[in-house]
Amino acid sequence: MKWIKKLFGKQESSQEKTISSEVSFDELPALLDKSSQKISSEIEKDVSDLFRKLEVASSELKESNARLLEAKVEGDFDIRAVKRAKSNRENVTKQVGVFIDRLGVLENTDFRTLKGFHEAAVQNLDTCLEHMNQSFRYTRAVFPQESKDVTESLGRLGEVLNELRGTIRGHKQEMEAIEAASTGMKKIQDLSASIEAENRELESKKRKTQALRDEIASTVQALEEFKQGEAWQNIQSLQGELDLARDRLKKAETGLNSLFLPFSGNLSKIKKLHESSRYTLKPEVKQQLDICLEAPVNLDTSFFPELQKIFEDPSLDIQTQKKEKTLAQVRSAFSGFEDKKKEYVAAQKVFQAKKVELAGLDNGKLAGLETQEAKLMARARLLEEEIESSEKKLVVLREELKTKEEKLQSSVSVIDSSVKVQFLS
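Counting in my numbering, the sequence shown runs from -2 upward without gaps.
If you are wondering where the hints come from, they were derived from the structure by calculation, not from laboratory data. Nothing false has been slipped in among the hints.
Simulated crosslink set (BS3-like; lysine-lysine; CA at most 27 Å straight-line):
id: 1; residue 1: K283; residue 2: K266
id: 2; residue 1: K247; residue 2: K351
id: 3; residue 1: K362; residue 2: K372
Derived CB-CB ranges, DEER-like:
id: 4; residue 1: L379; residue 2: Q236; range: 31 to 37 Å
id: 5; residue 1: E41; residue 2: A63; range: 28 to 34 Å
id: 6; residue 1: K372; residue 2: E291; range: 37 to 43 Å
id: 7; residue 1: V411; residue 2: S45; range: 24 to 30 Å
id: 8; residue 1: Q170; residue 2: G72; range: 49 to 55 Å
id: 9; residue 1: K372; residue 2: E227; range: 26 to 32 Å
id: 10; residue 1: L241; residue 2: A325; range: 31 to 37 Å
id: 11; residue 1: A63; residue 2: V411; range: 43 to 49 Å
id: 12; residue 1: E24; residue 2: S45; range: 28 to 34 Å
id: 13; residue 1: G365; residue 2: D240; range: 20 to 26 Å
id: 14; residue 1: S329; residue 2: E291; range: 18 to 24 Å
id: 15; residue 1: Q225; residue 2: K389; range: 38 to 44 Å
id: 16; residue 1: E193; residue 2: V95; range: 51 to 57 Å
Yeah, the Cβ is synthetic: ideal placement off N, Cα and C, and Gly gets one too.
Put together the whole structure using the sequences plus the hints.
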């Protein structure tokens, strides 16, 4: 357009070719404002005559409407036709009057106001014509000249509105482009602010992640140094001794329990017979029986003679052959119990002593370092996930920003195809 060259102080010549003009994003609001003012000035100049025509057409319509309302019946008409014409005349003049009142006076001639005024005027005119159309047929038959005058006045006013439509359409594309550009600029500014904030947050997360990695490296180094130190070697050595002591204790426990395995089934049967009241045990014997079945190491040696008496009891509901076999097993267990128990107690003392010794050596430093490393690794993984999420979000925001910039450039190109916007990104 010619006006953009004037804005930049350029003189047009017949040989001049279109030269691309670069405008920074920050300069764009001033450029849009100038172009809007220029178009508004052109519109105001174009519509000044139209509004004078509109005032004249509105006055003529008002006068025509008044003449129709006051018109006398001239000619020989059927009384019913006259009655219908007068009744419908009231509706016609009422609708025209409402239209004139709604038309009003436009004081501000900026594009948006002008566009709204025209749309409302056309809508009101259409409504007026729609509501008076049926009545006008009867009115025109009795008041032909006055009805004709109203029709012609409405037509002239409609012609002015059509001229106004042409003026609006002539500038509509550019004005809508200016509005779209202004809206697009606000969206780009908001998106740019979001991208900037996301970038700051991303950099902050990266710094925190690097700090965590440094701390993890320091913790790992401390772990390595601890594991290479004398304290760790002593702990490892003692841990080996504790494992051996545990194995010895387990073997001693197995050896002790093996004394009772051959007749454990009969012991369980005696317990069931007692619980079903088919055989009665003394309370202290019942207690020792339970210990024998659950933890033989805690068994009192006085239980063995009592157990022999039980299997020698004729009232015990167990086959004689099984009783004799079990008695032999009980005597065998009794003879080996003391030695097996001493072996177990000795192994247990060694095991407990090694545990106490190990607990004294391990001051919790190893566990503390390993816990610290695990926590730092977890925090680092979480931050890395957040960084990945932020980077994906930035990709989406930048793509959206690029789309908005392209749309803004398209809007500006409608105003002037030679202007190229230099965006901040």
